[in-house]
Amino acid sequence: MKRPEITLELFVFRLLQERGERVHVIEEVRPVWVLAGANVGYERPHCAKIASMNQTTRYGVLALIAVLVIAGGAYYLHTSTVSAPTAGTPQSQTKAFVLVVKARTLISGQPVLSVKQGDTVSITITADESDELHLHGYDKQVDFATGTPATLTFVADQSGRFPFEMEGSKTDLGEVDVQP
Amino acid sequence: MVSLLALIATPFAASAHAFGQQFTLALPVSFFIFGGVAAFIASNCVILFFSEPKTHHAVSSARVTPIQASAALWKVGAWIGVIGFLLELAFAFFGLPDFVGNPAVVLFWVWLLLGLTYLSVFFGGVWDFVNPFRTIARFFSKKPLYAYPAWLEYWPAFILFFLVIQFELYSGGGSADPRVLGSRLVLYAIVACIGNALYGSAAWFKYADFFSVFFRMFGMFAPFQLTEQGIERTLPGQKLIDEHPTRLSLLVFILFMLSSTAFDGIKETLPWRGILDQVSRLGLAGYLNLFGIAVLFLSPFIFLGFYALAIGLMRYLTGTKKSFTCLLFRFGYSLIPIAAVYNFAHYFTLLIGEGQRIIYQLSDPFGLKWNLFGTANFHINQVPLGSNLVWYIEVFVIVAGHVVAAVVAHRIAVREFDRPKKIVASQISLLILMVGYTALGLWILSRPFVPG
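Residue numbers (our numbering), protein chains in the order written: chain Z, 166 to 345; chain B, 20 to 471.
Since the hints were derived computationally from the structure, they do not count as laboratory data. Just to be clear, a hint being listed does not mean it is correct.
[What the hints assert, rightly or not] Chain Z stretches covered by chain B per the calculated footprint, using a threshold of three residues with CB under 8 Å from any CB of chain B:
| hint | region |
| --- | --- |
| 1 | 227–234 |
| 2 | 238–245 |
| 3 | 262–276 |
| 4 | 313–327 |
[Said to hold, decoys possible] Calculated cross-link-like contacts (lysine-lysine; reagent style DSS-like; alpha-carbon spacing at most 27 Å):
| hint | chain 1 | residue 1 | chain 2 | residue 2 |
| --- | --- | --- | --- | --- |
| 5 | B | Lys340 | B | Lys388 |
| 6 | Z | Lys281 | Z | Lys260 |
| 7 | Z | Lys335 | B | Lys286 |
| 8 | Z | Lys260 | Z | Lys305 |
| 9 | Z | Lys305 | B | Lys388 |
| 10 | B | Lys286 | B | Lys94 |
Keep in mind that this is a model prediction, so the values were computed, not measured. Ideal Cβ placement from N, Cα and C applies to all residues, glycine included.
Work out the full structure: start from the sequences and follow the hints.
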């Protein structure tokens, strides 16, 4: 660490030390272009325009940038996630999905069921063994017997990603993606 | 037949949840883009607006608010810690056999490893205040047998950290089993006792104890620190700028704080499944878990590689005479804010979701139909926040952490380099590194979860 010049700050530093306050460090950076007597020449600050701003202007510009980024971002994010209801499409629909499971594998039906928040969802499952279809998160289940279809119906009032599985055999079948 | 099956299935239905389930939708691409752009803009602002050398000195100081009877208070803290630990063991061994009914699991994985972590970011020193392992270890042995060997550094803490994460991710349900968790906690206490007997509590709990180092690192940012003298008040993040790691093992530990969370997220993504498929095709299908554990262990070293590259680039761009190791260590703490927000963005839904279980579990911790606090019939809402709110929180927190890290790195650079050109040049490589980490964090959150 370079020897600090005797300055007002150094005086304050010593004062705080005497008062018993723990002083971490003095931040010491010399302005290169004002070295008295040294022949280092003049070095322009990196961004002259910004360097010539005073404290208030600088923070003002930063605040403006922050506001623009946050406001612009909020607008962008809002428009990208909220889809305006198109004419003719009801706000909430009933969506039915059919799954067929054989040998603990989904042989018919999609593993990812995409619905919108507020939709009524029904999942009909037919399997080659008896088990229970359990939907996590919503914590809903329905038992089914071999070869007999069983339907799980619920209202998707919470948005999120909710896996469902065959409870007894712990077979993950897929998930319900409820879009907000 | 079906009803019989239902009868058998019902007691197990509750325990069939995998512990630590989060129901968050993947972050939409728009959020990912916004986060990356905002982080990039913020970093540039920090560099451009504050990179000429100051024309005045700045003094930073720590104010200590002495608490009356500090020594007695710390004895109380020690007792709180030990009683809490013994209760945790009691719950683990004598409570119900699953995480749904037994508070031990949620108390440890959610309220300690997440809750106390986030508290420590703003109010440090709480773990040191209660540390039950130190109290128990010192009960058995007060004088060390040997001096702590310098070559050990923080490696024991890192190894223990790795073992805890490996237990969390690869124990096949053991981490959610209260009995297994309890036995691991006892094992950890035994290790602490042995370490304390060998090297003394001052050295062991400074260098080698995972929890102590873990919570201390997260607490480096905190504006308030609980110390034996009282509550110390500093500018937030000041310690990250003033101090720096001097050991490679501590740097690896900090990077593991970051990489373990990243790995936990990455292993749920499709590209990771692709890698696992490749490994299977090489004939190692039975060793996929071992492969994952190996990658987990190597992850901090991979991140160290990227960090080292950034430091190397910094040396090249600035043309500085300072050594590589000097700079590598000097900027070491600037990654802690990113590690903290990675952790929060990835796990906070667990805290507010599964974390609610503690409300009904504490009323009946042993499953004996008690109702100590009247909350035994509380039904948790596993999805308390809508997806939109979760996304905004994730992006806001990750970008905020990025900004803090950029400011910290910048303040360090202003101390290390005296010319504006060098300050800016040094920040370019760190900008690339930090935007890279931020983008990775956002990418992990935006990848669709692959079930099974």
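Tested hints:
no.: 1; hint: 227–234; in the structure: holds (count 3)
no.: 2; hint: 238–245; in the structure: holds (count 4)
no.: 3; hint: 262–276; in the structure: violated (count 1)
no.: 4; hint: 313–327; in the structure: holds (count 5)
no.: 5; hint: B/Lys340 with B/Lys388; in the structure: 70 Å, violated
no.: 6; hint: Z/Lys281 with Z/Lys260; in the structure: 9 Å, holds
no.: 7; hint: Z/Lys335 with B/Lys286; in the structure: 20 Å, holds
no.: 8; hint: Z/Lys260 with Z/Lys305; in the structure: 17 Å, holds
no.: 9; hint: Z/Lys305 with B/Lys388; in the structure: 25 Å, holds
no.: 10; hint: B/Lys286 with B/Lys94; in the structure: 43 Å, violated
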